[in-house]
Each structure stands twice: as C-alpha cells, then as structure tokens.
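So the chains spell out like this:
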Amino acid sequence: MPAFILLTVMTALRILSRNRLRAGLTMLGIVIGVGAVIAMVSIGQGARAAVQAQVASMGTNVIIIMPGSTTVSGVRGGQGGAVTLTVGDAADLKKRSPLLSDTGWAKRDVMQIVNGNRNWNGPVNGISPSYLTIRDWSFTGGGPFTQTDLESAARVALIGQTTLENLFDPGEEAIGATIRIKNVPFQVVGVLAPKGQSAQGSDQDDVIFIPFTTAERKVFGSQFLGSVGALFASTERSADLPEAVDQIREVLRARHRLQGEQADDFTIRTQVDIGKVQESTSQTLTVMLFAIASVSLLVGGIGIMNILLVSVTERTREIGVRMAVGAKRLHILMQFLIEAVTLSLFGGVIGVVVGIVGARLTTVIAGWPTIISLDAIVSAFVFSLGVGLFFGLYPANKAARLNPIEALRYE
Amino acid sequence: MAPLIVCEDLWKIYRVGDVEVQALRGINLTIDRGEFVAVMGTSGSGKSTLMNILGCLDQPTRGRYELDGLDVATAKPDLLAELRNRQIGFVFQSFNLIPRTSALENAQLPLFYRGLSIKEQRKQAAAALQRVGLAGREQHYPTQLSGGQQQRVAIARALVGAPSILFADEPTGNLDTASSREIMSILEELNRQDGITIILVTHESDIAAYASRELVMKDGRITQDVRRAPHLTVVQ
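Top to bottom, those sequences are chains A and B. Be aware that the first sequence starts at 1, since it is given in UniProt numbering, and climbs by one per residue. Be aware that the second sequence starts at 1, since it is given in UniProt numbering, and climbs by one per residue.
Among the clues, some could well be false.
Unchecked claim - No more than 27 angstroms apart at the CA atoms, straight line, and that leaves these computed lysine-lysine pairs for BS3-like:
(1) B:K76 with A:K398
(2) A:K107 with A:K95
(3) A:K182 with A:K218
(4) A:K182 with A:K107
(5) A:K107 with A:K94
(6) B:K119 with A:K328
(7) B:K218 with A:K328
(8) A:K398 with A:K218
(9) B:K123 with A:K328
(10) A:K328 with A:K398
To be verified - If you want the ones that stay clear, here's a sample from chain B, every Cβ over 10 angstroms from chain A, calculated:
(11) D58
(12) R64
(13) A73
(14) L109
(15) K123
(16) D176
(17) V226
In case anyone wonders, no lab produced these hints; they're calculated from the structure. By construction, the Cβ of each residue, glycine as well, lies at the ideal position given by its N, Cα and C atoms.
Same shape as in the complex, but just chain B (with noise of 0.2 angstroms):
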C-alpha cells in the first residue's frame, strides 16, 4: 500500500521583520499507514512547523508534501480544511476544549462541520465518548471534568470523524503522570486496534516511548529516524 504521508525536501521559511527564519530546511519523511511516531526535539527544533504542516494546519514554504496521494503543498484553504474535517484528529497539550459546551457538544464539532444531521452527530459523538471511558458524562461542561478527562473529551472529537491521523502535540504536557497513562494508552488502542496513524510531539522520553519509531529534529532537520518496538511490548 502507498504510504501515507510522503514530504520531499520541505521548507518553511517565515520572514519576522528583516530575519528570515528558516524553520524547516528540507525535510524528507514517508510515514506508513498505522505508524506511531514520535517527533522529539528542543523547541525551536521546528518539530511544531512539522506537526503543523502535515496536520494540513499549515502550507510548507517550498517542497512536496502528499497525504494520501494528495497534493496538500498548493491546495487551496478549503481543500486544507476538508482533509482536516475527514482525514486529521488533533489532540492540543492546552485541550483546546470550547468553553461553556458540553462535552457531547465539543466530540460532535468535527461532525457539525461535514453536515451531519444533529442525530447522527450526538450518536456518533457519545459513541467515541463512550470510547475514551466518559460514558455518562456527556452533558458536562469541560469546567467540571479533570485535565485528564478533558483531554479524554479531547480525543473523542480528534476520532469521532474516524480520521486516518491522529496528531498530538504534548498531549500529556499539562497533566500528571496516572492521567499522562491513560491517555497514552488510549492513543495506543486507537494505534494498535483501530489502526490509526499517530504522530506524537513530545520532548518527554518516556511518553516517546509508547511509539514505535522516534524523529529526533535539530534546527529543522531530522537528525534521527528509529524504528523500534514500542514500549509496552517491551515491559511484557
């Protein structure tokens, strides 16, 4: 099968005032169906331009860049937000909840915007609820659910489309470490039963562990690509 994301020779350039910043500096990356990839490095490594621009959030400033067969370098912003709508989840450090929605409301907005009926987008919505253990807590605002659980809520929106990606930018990062388990073994189920793509930023070792190849980046480049067995394999 072709691989899903394919990026030869990506650049990001920003311009701030006269400096020209050159986040990326030619990225070449072919990540399979059903990977778990951590992408680990310092900040300002340029793992977030990475993470934004294959997240389709972004455009890189030159190169080739294919989700799925698609040319996502050129597309147009409408196009960008379909791929995001059908193909893409995202899991924020900061949760990223809508404030003052309940969490059924929140894990149907992917739906919302493909159209759904309002039905259709409650059953599938509690479905991933129930997914990710917060069956009974639909109608909560994100308020009166903890980091760990808002972070639950989190991911049932990022599956609810059943996206072919999963992108999770420091998931664990404002959590503790009972809640940081559970949610990385939930990514872990969705990786290993459902089959999705993960590609995890991080810059904690033992979270990049859950992962079962590691991109170590160093002033927008890829310095290391390993493959290994992931973690929880290793302990049994």
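Isolated chain A, as found in the complex (with noise of 0.2 angstroms):
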C-alpha cells in the first residue's frame, strides 16, 4: 500500500504539471480562500494583539467606580454627572473590602499650561499618589511625589510624553524646570513613560498628574472638597476581581445610605469589562471570516470537482485499462481523490503564501499590525485537505464505478 500511495500521489503530480495552467485555475479559489483567510487572520489577530496591549496598560487587575447619574425632579443626569464619591469611600473602601490591594483617587479637567513662551491646553489629573501604582505607572525621568506631597498640598507635577512634546523643546530639561498651570507655579518631579492609546482610543500620554490636595484648592476651585472624579483600586488576583465588585458595591451603598430598591450612585467597571467589548468586536470578525473562508471554500471546491469530472470522462479509457490489469474500485477512488487532496493542498500551499506576504504587505503599506498565526496556517492546511476529500469524492466514486467494457471502448 505505501508504494501504492507513492506511486499514485507522483502519479497525480505528473498528471497536474501536465495541465499547468489548468491545474492553476483549479486552484485559485482554494489560493484566494485560504489566502484571504491567513492575511484577515493574522490583521485580526495583530489587532487584538494591540487592544490587548491597550486594555493591559490600563494597569493589572484595575477596578474603576465612576460617579453615577442623579436624578433632579425627574431630569436624569448623565453617568458621571453626580458628585457622590469622596476621598472618604476610597478610603474607608481599601479598610473595609480586604481584597483590595490598593485604592486611589483621581479628579481631572482641562487647563492651559504655560512653559515659559510655549502653551498646551490638556487634562490635568489632580491624583493619590496610590493612582500612579494602581495604574501602572512609570518613568523615563524623575519619580512620583510623595504622601507628604499629597498632604501638604505641594506644587509638583508629572508630565506625559505628549504634553512633554508640547511643552518642551527637543532636548530641554523638564526636570526641575517650572511650568505654570492656570497661572499657579509647579515644579515638574517626574516625565511618565509613553503608554500609547487607551482601549477607548485616546492618547493616554496627553496627561498632567498633580496631588488631587493641591488640584482641589490651589487649581480647580472645587465646590465640593473630597469629591473625586472617579475610584481606582486593584486586587492581587485578577480571579478576585468579581468578589472585589462585590464588596465596593456593599460598602459604597451603606456609606452614600441607598435602600434596597434605590439604584446605585455609581458605576462599577473593570479591566475585564473593557476587554470584553473588544472580544467581541473581534467575534464579529471572526463570524465575518469564517464566512468569507466558507464561500471561497466552497467555491474551490466545485471548481477541484468540476475539473475532475472532465479528467475523468478524458481519461475513461485509461480507468478501463487500469481496471482490466487489475484494478479494484477502491484504487481507482483513490487515484482520483489523492489527485484532489494533491490540487486543494497544493493550493492551500499557495494560499498560505498569498496570504502571508498580504499580511506582511498590509503591516508594511497600512502600517497594521498583523500577527501570522500558526494556528491559522494549520486549520487552513486542514480545511484544504477536507475541501479536497469532499468535492473529489463525487468524480472518483463516478470513476471507480464505471464498467471496465465501456471504459474500455470509451473513444
């Protein structure tokens, strides 16, 4: 039987190299199914790869409760519209809800910022210094400010890549250097490492971090003291993360005193929300690719059959031949599908090439990240095979059925 195979499978070759041209346009629809599926794959899959990145430089394992929507004398307010977190939740939070490892506190709005003749208008975040930890912070230059900043209301500031760029010529020192924000003085302390966009698409670098005392009194003249902007905390485990909801969700309710049937004031999300909305945006890929892959399949396949049919009807009188020496059914089937198997896997080869040098095309012409999945490459190599066995069955049964006299006469 091995040399059976051989010999049928270089049989099978020959028979293909023969027909060149035809054998490649039996192909090109396994070449444009397969290859449509490896590229869109691997684009997919590079942009998961970047939102991935997105949702994890949000830091790990991070819990955000924003302040919800009120409602006055009917009219609702939007999610965030309320004042009802305080310093005082975040606090008495991280001693009432043992799994959380940390909590902060972070309030924003947009200033202008004045460095010497240059000026940017951007966010300014008035923070614990717990946030920067929270949301994984770091520094290409300086440090965090301290507690001590925090509780003495100091005028120290750090500042993102963008507002860095923005601020500050090329090459110039913004260590030490005093930048003006709403005509208050402070020192910059720290230049935060880029982190890119957020999963929400905004440049999360466009950032000024000041201590949330000194924002709240010296900048933004807040109405309310200890109102915050929004919640973070962190668990140690991302399998605490539900449990941890949980606990903020009792605690917070019992101190802003909601009753039973009363809605939350706020809003809880995390990490693992955020990342959910991007699953699922790429399932609709997916589904989208699977049925791209599916119709060109398909389609492929009739041609791999099509062909077959005619090679079987030209070649009626060699099937006679091959019968008369001894051929059984099952050897003629077999002849006929590995020239199937042969066609669609040669071009399930093909495709993956097409494929993999339009995914590298797209990452060097678009500039979108694209990631060659091996996965894919493996899947597609089966479906090729599958597309092969299938549509070549229906020839080769025809083949194998045919009666060795009229084969014979066939002219």
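Got two chains here, each in a separate frame; can you build the complex from them with the hints?
Now the structure itself:
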C-alpha cells in the first residue's frame, strides 16, 4: 500500500504538471480562500494583540468606580454627572474591603498649561499617589510625588510624553522646570513613560498629574472638597475581581445610605469588562472571516470537482485499462481522491504563502500590526484537505464505478 | 490436471431499451492449460462478449463459469479484479497503453496493483520488456514507439504478472504484416515456452492459423471447434 500511495501521488503530480494552467486555474479558488483567511486572521490577531496591549496599559487588575447619574425632579444627568464619590469613600473601601490591595482617586479638568513662551491645553489630573501604582505608570525621568506632597498640597507635577513634547523643546530638561497651570507655578518632578492609546482611543500620554489636594485647593477651585472624578482600586489576583466588585458595591451602598430598591449612584467597571467589549468586536470579525472562507472554499471545491469530472471523462479509457490489469474500485477511487487532495493541498500551500505575503504587505503599506498565526495555517491545510476529499469524492466514485468494458471501448 | 476454463450453458442477455439482445446463447466450453485457442466469427457473433466474460471483465447472465476451479459467474467485483490481476493478461487491438507514460511504467501497471515495492515492480517490468525485445526503450513514451513496439509493450504488460491466460483481442488488427508476424511469434513463444494459455480473438484466418484450436462463433453459439496442428509446425 505505501508503494501504491507514493506512486499514485507521483502520477497525480505528473498529471497536474502536464496541465499546469488548468491545475492553476482550478486551484485559484482555494488559493484565494486560504490566502484571504490567512491574511485576515493575521490582521485580526494583530489588531487584537494591540487592543490587549491597550487594555493591559490600564494597569493590572484595575477596578474603576465612576460617579453615577443623579435624578433631579425626574431629569436624569448622564454618567458621572453626580458628585457622589469622595476621598472618604476611597479610604473606607481600603479599610473594609480586604480583597483590595490598593485604592486611589483622581479628578480631572482641562486647563491651559504654560512653560515659558509655549503653552498647551490638556487634561490636568489631581490624583492620590496610589493612583500611579494602580495604573502602572512608570517614569522615564524623575519619579512620583509622595504622600507628604499630597498632605502638604505641594506644587509638583508629573507630565506625560505628549505634554512634554508640546511644552518643551526637544532635548530641553523638563525635570526641575517650572510650568504654570492656571497661573499657579508647579515644579516638574517626573516625566511619565509612554502608554499609547487607551482602549477607548484617547491619547493616554497627553496628561499632567498633580497632587489631589493641590488640584482641588489651588487649581480646580472645587465646590465640594473631597469629591473625586473617579475611584480606582486593584486586587492582587484577577480571579478576585468579581468578588471585589461585590464588596465595593456593598460598602459604597452602605456609605451612600442607599435603600434596597434604590439604584446605585456609581458605576463599577473592571479591566475585564473593557476587554470583553473588544472581544465581541473580534468575534464579529471572526464570523465574517468564516463566511468569506466558507464561500471561497466552496467555490474552490466546486472548481476541483468540475475539473476532476472532466478528467474522469478524458481518462475513461485509462481507467478501463487500469481495471483490466487488476485495479480494484478502491484503487481507482483513491487515485482520483489523491489527485483532488493534491490539487487542494497545493492550492492551500500557495494560499498560505499569498496570505503571509498579503499580511506582511498590509503591515508595510498600511502600517497595521499583523501576527501570522500557526493555528490559522494549520487549519487552512486541514480545510483544504477536507475540501479536496469532499469535492473529490463524487468524481472519484464515478470513476470507480465505471464498467471496465464500456470504459475500454470509450472513444 | 483439471481444465483451466470450464463453461456450462453460458448466457449473456443485454437489454437495450425494450429490445432483448442474446449475445451468448448457451456456450459450453472447456479449455485446458497451455492451449492456444483462436476464436473466430463475424462481428456481432458474440466473440467479444465471450472474451469479456472469460477475461473476468464481465459476468454471464446465467450459466456456470469456472476459472482454475473458481466460480467466476457470481464473483464480486473485487475478486474479479484480483483474478484479472493475477491470472489474466490482456492484449487489445488498439494497444491501450496509458498515454504520456513510459513503456516501463505501462509494463509495471499490474504489479502496481499487487502492491509490490517500486524497485521490484521496475525490475520485473524491465525483464518483461526485455522478453518482448524492447530492452533499452524503457523510458520511451507510447508516441515515440511504432505500432508493433506499442503492442509489444502491451504484451509485456500482459505477461509481467506471470498470468496463466493471455487474452488477445485482434492484437494485429492495427498492424502491418511484418509487425503482425512479430507479435504472433512472441505470442507463440509465450505459449510454447512458458505454457501460457492464449485465447486469441481474430477474424483473419492467417492469424488464427497460429493457434492449435479454432472456435468459430455465430449468433452467440460455438458452431465449430477444431483442434489441429498449428501453422508453424505445418510450415516446418
């Protein structure tokens, strides 16, 4: 049997190489199908990896608590419209929710920032020092401000990369420089490492961090002292996130004196939730990919079946001769199946090459990140094999069922 | 020794639309090992039908056919294929070589379906080609060979598996006189030296003269069955 298969494969290759154009055109459907899938999967995975990196840039096991909407005489404000979360909430959460490894808070406003003769309009965040650790911010120069800075409402600032580029000349030393936020002088003590785009698409590096107390007393002019824009918390393990969310809800509802039926006046989101949104987007992409792949593999398969039917007719006499010298039905069946599979696998190989080249070109020309996936390549092969077998079966069976006498007489 | 072929009351009936065609009407025939039988008859006499049935390419509608003691009349297709592979060799009028395939590979074909190793297939096929005088032409394609040479490749293919019977259906029908003579002397040699039973279908009496037994068919029946000294012996 191994000799039989080897020789049959050799025969199939010879027959196909004899009709190169025909074989090429037949394979085209498979080539396009497999190529499209490989390229699209590569692009999809590249995009997904980019999104995952964005989600990861939020920090590790982060929980974000936003103030909820309020209802004033039946008119509902939007999310974050209410001033319901406070520094006290953060402190209490840390005390009463053992799963939380840290809590932090932040409040932001867009302000005019001036450095010498340059100025920039960007978001200024008043934060607790713990916010920096929760969000995993690191520094390219200088370092974070301290708890003491927070308590003494020190005029120190940390600036992001985008802010740095807009306020300082290239090569100009930012650490130690004095910038003015709403006319209040601040000393730059740290330059933040870049994080890139957030999962929502905003530039995370266009940012200035100052101590929360300094912000509310000297810059923002807050109406209610201690009210924050958002609370941040983190857990040691990602598995603890759902339980931590429940604990936070319980503590906050108690603190805000919400009765049984009353809705939460805050919204809790975790990194996992944000990742899920992206996941569903990529799932839509996968379904579309699958549809494209199915259609082109179907078309490719029909092409293979068509050409094999032609081949069976052309080679009727040969089939008769083979039967006369002792080929069993299974031998004839195998011969044509092997030809079909050879065609489809060749198409698959070329398709994989086309797909990889396509993905690389996308990266080079459009600058999209792509990841060549081994899984996609393997499944492309399996599918081409399947298409060859499935669509080869009918013509091969037709050949195997020929009557040897009629086949020998066929003109 | 038991006869190689035993047929009893062999019938073959085709149905073409509403018309019933009785191609064979009760054939009784016994052929011993080593016989050289010529089957003659006009077209439509049933000689090809008989050869197809004896050659295990077809099965009778009714009647008994035993080949080497094996009941063929009711055998399954795979057993028929096995019999064709091991017991039977065919030589056709139109050679029926596989196009664009070398002489060697054509001659290998029966061994290919026996599942021999490629090396063994090549060795035996080369020996068979040498036997028919085609040593050195192993890699030629059918189109590069003359009619007589193509028929010799076909004979090599028929004898490579060491069959007990060789069926030749008008083997010289497409050949000139000289080539015909070559082919017939090869067949005669195979019959004499190797003791291969040969059943030759022809309508040319000078070709039939090589045989030691002559069957004449008419309307699906054997009308004459003559044993005689073959032609070459007569000439000598």
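Right, here's what the structure says about each hint:
| no. | hint | result |
| --- | --- | --- |
| 1 | B:K76 with A:K398 | holds, 18 angstroms |
| 2 | A:K107 with A:K95 | holds, 22 angstroms |
| 3 | A:K182 with A:K218 | holds, 9 angstroms |
| 4 | A:K182 with A:K107 | holds, 16 angstroms |
| 5 | A:K107 with A:K94 | holds, 19 angstroms |
| 6 | B:K119 with A:K328 | holds, 22 angstroms |
| 7 | B:K218 with A:K328 | violated, 33 angstroms |
| 8 | A:K398 with A:K218 | violated, 88 angstroms |
| 9 | B:K123 with A:K328 | holds, 23 angstroms |
| 10 | A:K328 with A:K398 | holds, 14 angstroms |
| 11 | D58 | violated, 6 angstroms |
| 12 | R64 | holds, 21 angstroms |
| 13 | A73 | holds, 16 angstroms |
| 14 | L109 | violated, 5 angstroms |
| 15 | K123 | holds, 13 angstroms |
| 16 | D176 | holds, 23 angstroms |
| 17 | V226 | holds, 28 angstroms |
Checked against the numbered hints above, the structure violates hints 7, 8, 11, 14; every other hint is satisfied.
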